[in-house]
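> This is what each chain is made of:
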Amino acid sequence: MIRFVIVEDDIQIQEKIKKMLVKISISTNQDYEIKYFEKYSKSLQKEIDDQTFRKVYIMDIELEKSISGIEIAQKIRENDWDSEIIFVTSHDKMFETVHRNILEVFDFIEKFHEMDRRLEEDILKIINKRFDKKILKIKGANVDLEIYMKNILYIEKDDRKSIIHACGGNTFKTNLTLEKLLEMLDERFVQTHKSCIANRERMVERNYAKNYFVLDTGEKVELLSKKYRKEIEKE
Amino acid sequence: MTVLIYILLSIIFQISMIYAVKSLSNSKIENKIILIIGIVIFAILYKLIVLELPTELGTMISIFYTIIIIKLCTKLSMKNLLFYMIVVWIIAIIVDILVMFLSNFFTTNEENKEIFKFLGTLMIVGAFLACGNKIVIKKINYLKNLITKLHLSYFSFFIMLLIYFTLGSICINNMNDKGYIVLVIFIAFSVLLFVINFIIQQFQIISLKESIKLLNKNNEFYLNLIDEYRILKHNLISNLSGIKSVTNKKTRALIDDLITEYNSILKLPKNFKEIPTGISGIVYEKIYSANNSQLQLKVDNKLKNNIIEILSARKFNALCEALGITLDNAIEAAEQSNEKILYLEFTEDENKLILKIVNTFSGVVDIDELGKKNYTSKKKGHGLGLFSILNKKDIKLTTIIKNNKFISVVTVNK
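Chains as they are written, first to last, in the working numbering: chain W, 1 to 235; chain B, 1 to 414.
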């Protein structure tokens with residue numbers, strides 16, 4: 001079930017969004033619930049604190065007699081990185097690249113420019129998207145690492161360190177062993193070589209004869225062993 | 001029977017004192033079990049030890065015991081806890097003195113004096129309960145803010161402690177000759193310390209004011225520079241565009257190149273004025289040094305007060321040093337990433353000033369080595385930056401890498 005949380009002080013826009021959500025939810029056979037708020041309040045904070053549901057926040061940026069939608073998003077992101085946030089705004093100057101990135105905003109939509117189409121597309125994407133926000137957490141001496149498992153491509157062993165290769169070209173070194181990391185990861189990760197663990201969902205090609213696999217990023221990793229074939233190919 | 005009444009009264013007294021501190025500090029009791037156990041242990045200790053001790057020692061034990069209990073049950077900082085405890089005790093002593101004065105005035109009989117003692121305790125409990133009143137809370141917290149603003153906190157605690165002992169000694173000694181001598185010594189000592197500290201504070205305030213003046217002057221200079229730069233850039237591009245329309249193809253291509261180059265030069269933060277006074281110079285300097293990058297900077301300033309007013313000179317300096325190092329790291333990392341995003345957020349709560357620096361990055365990070373001496377993820381540098389912040393007394397730095405973003409939180413206690 002998805003809970004849609006609408007934060008909008010314009011009743012007409014609120015109604016419009018509601019009708020659209022009902023339409024999409026019925027057509028996709030999605031269980032849903034809609035909650036409305038006109039401004040930031042204690043009850044909205046209670047809603048933010050309640051993380052029992054998969055949520056989609058649809059918010060206006062400029063709210064009368066209230067803190068802005070951006071500030072509400074900051075409050076949401078204090079603890080909740082799983083819910084999706086969509087901003088509906090009347091000012092295109094509000095399209096902030098920095099906020100979009102920092103707060104992991106799903107989309108910014110202009111109220112008076114194809115709002116219906118954009119919102120419908122976004123909601124469909126969210127409904128169809130696998131709700132996968134599993135995180136690998138590693139505690140370092142002075143820094144902690146939190147990374148979405150879906151963003152981990154593969155992990156290789158190099159000398160005493162395990163090297164985590166993630167999407168976007170970032171690489172993290174840790175003292176944890178491959179065995180320990182495999183325990184911490186979920187079933188999508190398999191051992192491909194004595195010194196490599198890979199994300200099965202990110203592999204697009206496997207060549208056991210030539211000992212390599214190719215990732216969906218195009219990267220070719222020459223750490224595939226026949227020894228682990230059975231486990232890798234297991235459905 | 002009398003002993004039982006004593007124990008009961010002392011427990012009521014302690015509960016009401018905890019209630020007063022809790023109400024004044026607007027804190028929540030996080031661990032009720034510890035509180036209940038603490039009160040029960042206190043009752044036992046009171047019966048076995050405190051009743052046998054001289055009044056002064058017994059009182060001191062119960063104060064320190066209450067401090068420990070409140071510290072264990074709430075998230076109050078030690079500094080705030082001491083402040084509210086002292087306030088509460090001064091209230092108690094004043095009520096006690098009033099009752100003792102009345103008892104001396106109305107009766108000489110020892111038995112009647114005992115009744116006054118009970119009455120005094122009940123009145124103190126009443127005064128503690130009155131601390132839950134909104135007006136009382138407002139007034140006490142106004143005093144606390146004033147003390148914090150004047151950077152007199154620790155000294156004030158000391159003075160308050162002395163006042164407590166002074167007032168306490170009057171009650172204990174029932175205003176006899178010895179009591180007066182102790183009183184005079186305490187007051188003279190307190191006044192002397194107060195005067196010395198006041199002079200030191202004044203010197204510090206003068207030098208701080210000079211620094212603020214200089215910072216504001218630099219700030220103004222930078223802001224004017226930004227405006228001039230913007231106007232210059234705008235006019236230059238307009239002029240070049242004008243020339244472009246009356247020239248040949250080759251020159252037009254050259255002008256296009258020039259315009260692209262001028263437009264690609266560092267985008268100065270539009271919301272530069274959002275950066276709190278006192279640290280805007282550092283932020284601007286760092287961003288300006290990162291010339292030629294396409295850094296996208298966003299600043300969210302939620303501070304209600306001026307940083308220089310909130311922090312002591314020592315903490316302000318420590319903050320500047322930590323911010324400089326953290327910003328250097330963040331800018332360099334962000335520049336090497338595809339998104340080139342740098343986000344600064346300034347917030348505060350009752351006890352702390354919090355600076356959150358978020359940046360995108362690209363490259364290799366050793367999460368077990370980062371922050372250790374001589375480790376660096378930079379191409380240049382010696383790896384002392386983060387290490388030196390982690391070893392600072394007044395600064396707390398927490399770093400987390402979340403979803404491919406580096407989040408550094410610098411916390412300074414007020």
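Hints listed in this document are in silico derivations from the structure and should not be mistaken for laboratory results.
Bear in mind that the values here come from a model prediction, so they are computed numbers and not experimental data.
Don't take every hint at face value.
As the list claims (entries may be wrong) - Footprint (simulated), chain B over chain W, 3 or more residues, beta carbon under 8 Å:
| no. | region |
| --- | --- |
| 1 | 16–23 |
| 2 | 79–87 |
| 3 | 200–214 |
| 4 | 224–234 |
As the list claims (entries may be wrong) - List time: in silico PhoX-like cross-link candidates among lysine-lysine, alpha-carbon distance up to 25 Å:
| no. | chain 1 | residue 1 | chain 2 | residue 2 |
| --- | --- | --- | --- | --- |
| 5 | W | 75 | B | 396 |
| 6 | W | 137 | W | 111 |
| 7 | W | 75 | B | 356 |
| 8 | B | 372 | W | 157 |
| 9 | B | 402 | W | 173 |
| 10 | W | 180 | B | 372 |
| 11 | B | 304 | W | 65 |
| 12 | W | 42 | B | 75 |
| 13 | B | 352 | W | 75 |
| 14 | B | 356 | W | 133 |
| 15 | B | 28 | W | 137 |
| 16 | W | 42 | B | 304 |
| 17 | W | 137 | B | 304 |
| 18 | W | 137 | B | 286 |
| 19 | B | 28 | W | 42 |
Think of the CB as a built atom: it goes at the ideal place given N, C-alpha and C, for glycine as much as any other residue.
> Would the pair residue 304 of chain B and residue 65 of chain W pass a check requiring their Cα atoms to be no farther apart than 25 Å?
19 Å, holds
> Examine the region 16–23 of chain W: at least three residues should have C-beta closer than 8 Å to a C-beta of chain B.
violated (count 0)
> Is it true that the CA of residue 352 of chain B sits at most 25 Å from the CA of residue 75 of chain W?
Cα-Cα ~18 Å, so holds.
> Holds or violated: residue 42 of chain W and residue 75 of chain B, Cα atoms, limit 25 Å.
Between residue 42 of chain W and residue 75 of chain B the Cα gap is close to 22 Å, so the pair holds against 25 Å.
> Can you confirm whether the C-alpha distance between residue 356 of chain B and residue 133 of chain W stays at or below 25 Å?
Measuring from Cα to Cα gives roughly 24 Å; hence the hint holds.
> Holds or violated: residue 28 of chain B with residue 42 of chain W, Cα cutoff 25 Å?
Holds: residue 28 of chain B and residue 42 of chain W sit about 18 Å apart, inside 25 Å.
> Take a quick look at whether residue 137 of chain W and residue 111 of chain W sit within 25 Å of each other, Cα to Cα.
Distance of about 38 Å is beyond 25 Å: violated.
> Counting residues of the region 79–87 of chain W that have a beta-carbon nearer than 8 Å to any beta-carbon of chain B, does the count reach 3?
violated (count 1)
> Would you mind confirming whether the straight-line C-alpha gap from residue 42 of chain W to residue 304 of chain B stays at or under 25 Å?
This hinted pair holds, its Cα atoms lying about 22 Å apart.
> Do the alpha carbons of residue 28 of chain B and residue 137 of chain W lie within 25 Å of each other, as the hint requires?
Answer violated: residue 28 of chain B to residue 137 of chain W is near 31 Å, above 25 Å.
> So if I understand the rule, the pair passes when the alpha-carbon distance is 25 Å or less; does residue 75 of chain W with residue 396 of chain B pass?
22 Å, holds
> Quick one, are residue 137 of chain W and residue 286 of chain B close enough, alpha carbons at most 25 Å?
It is violated: about 32 Å lies between the C-alpha atoms, which goes past 25 Å.
Checked against the numbered hints given earlier, this structure breaks hints 1, 2, 3, 4, 6, 15, 17 and 18; the rest are met.
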